[in-house]
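K.L.:
Sequence:
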Amino acid sequence: MPMRTLWLVRHGESVGNVAATRAEREGLERIPLDIRDADVPLSPTGEEQAVALGRWLDEHRDDIAAYWVSPYFRARQTLALALGDEPVVVGVDERIRDRELGILDLLTTTGVARLHPEEAQRRRHLGKFYHRPPGGESWADVALRLRSFLRDLMSGPEESALIVAHDAIVTLITCLLRNLQEEELLDFAAAHPVLNASVTRLDLSDGLWGVTAFADVSHLQEEGADVTVHPGTPDDEGPVGTPDDPAVAPDARSADVRPE
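Each residue of the sequence shown is one higher than the one before, starting from 0 at the first, in numbering that gives the first Met the number 0.
Some clues are possibly wrong.
What the hints assert, rightly or not - Each pair of labels, with its calculated beta carbon distance range:
#, residue 1, residue 2, range
1, Asp84, Leu175, 33 to 39 angstroms
2, Pro116, Arg24, 37 to 43 angstroms
3, Arg60, Gly155, 15 to 21 angstroms
Stated by the list, open to error - With a cut-off of at most 25 angstroms between alpha-carbon atoms, the simulated SDA-like pairs for lysine to any residue come out as follows:
#, residue 1, residue 2
4, Lys127, Ala139
5, Lys127, Gly110
6, Lys127, Ala189
7, Lys127, Phe148
Since the hints were derived computationally from the structure, they do not count as laboratory data.
Note that the structure is predicted; figures quoted are calculated from it, not measured.
Virtual Cβ for every residue (Gly too), placed ideally from N, Cα, C.
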């Protein structure tokens with residue numbers, strides 16, 4: 000049987016999320032973080048979110064045939080805390096890692112404008128989807144490796160899978176399976192932020208993938224965990240939150256996208 004259901008989970012809030020949000024709000028040029036992106040751990044709030052995700056997972060274990068996770072520590076830590084002591088085979092695939100920013104890594108929006116004004120101008124000219132920072136990736140580059148991952152995933156025997164990764168991965172997989180083009184994809188991304196430890200569900204029906212729920216965080220609210228929103232990269236616009244000032248969605252279901 001072909002793959003019919005995908006659950007996409009963004010990692011819990013990370014210390015990198017917190018540092019980046021504070022740096023943006025304080026107008027700093029650089030994010031004060033001395034850890035490479037692949038090693039960034041969860042914040043205490045992120046750990047609580049991951050445990051709350053585990054309560055949701057307890058109710059859906061029988062529905063999930065395969066587990067996949069980004070190799071980045073914040074994603075692996077999220078899944079490990081959610082699974083607890085449950086013995087589960089988990090696939091780790093570098094194709095679902097976060098987008099690489101190259102020379103713009105650890106720079107805020109202010110930092111990019113001041114230190115690399117030519118890149119800020121190039122991004123405005125090329126657009127967010129096709130702009131590739133030197134040494135980094137464009138959204139189109141990430142989409143290419145995700146197409147490879149999805150092709151392998153869809154050719155397997157499992158009918159369902161849970162993927163724990165990053166906001167860009169959740170957004171791009173959702174848009175790729177729905178065959179959205181550049182303008183549609185960017186409009187969708189701008190209107191639908193991916194909350195930390197949120198769950199997105201995609202279902203295949205009559206040969207078409209539909210979004211049953213997008214960035215659902217009702218499980219966090221039920222467990223009393225903070226609901227936080229942090230843009231994943233300096234060039235992603237949207238609401239932000241920190242443990243001291245969480246950006247809590249007014250309605251956990253307000254980010255849902257109903258099937259078309």
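K.L.:
State for each hint whether it applies.
P.N.:
Tested hints:
1. Asp84 - Leu175: 33 to 39 angstroms: Holds: the Cβ-Cβ distance is about 34 angstroms, inside 33 to 39 angstroms.
2. Pro116 - Arg24: 37 to 43 angstroms: violated (22 angstroms)
3. Arg60 - Gly155: 15 to 21 angstroms: holds (19 angstroms)
4. Lys127 - Ala139: Cα-Cα ~9 angstroms, so holds.
5. Lys127 - Gly110: OK: Lys127 and Gly110 at ~17 angstroms, within 25 angstroms.
6. Lys127 - Ala189: holds (11 angstroms)
7. Lys127 - Phe148: holds (23 angstroms)
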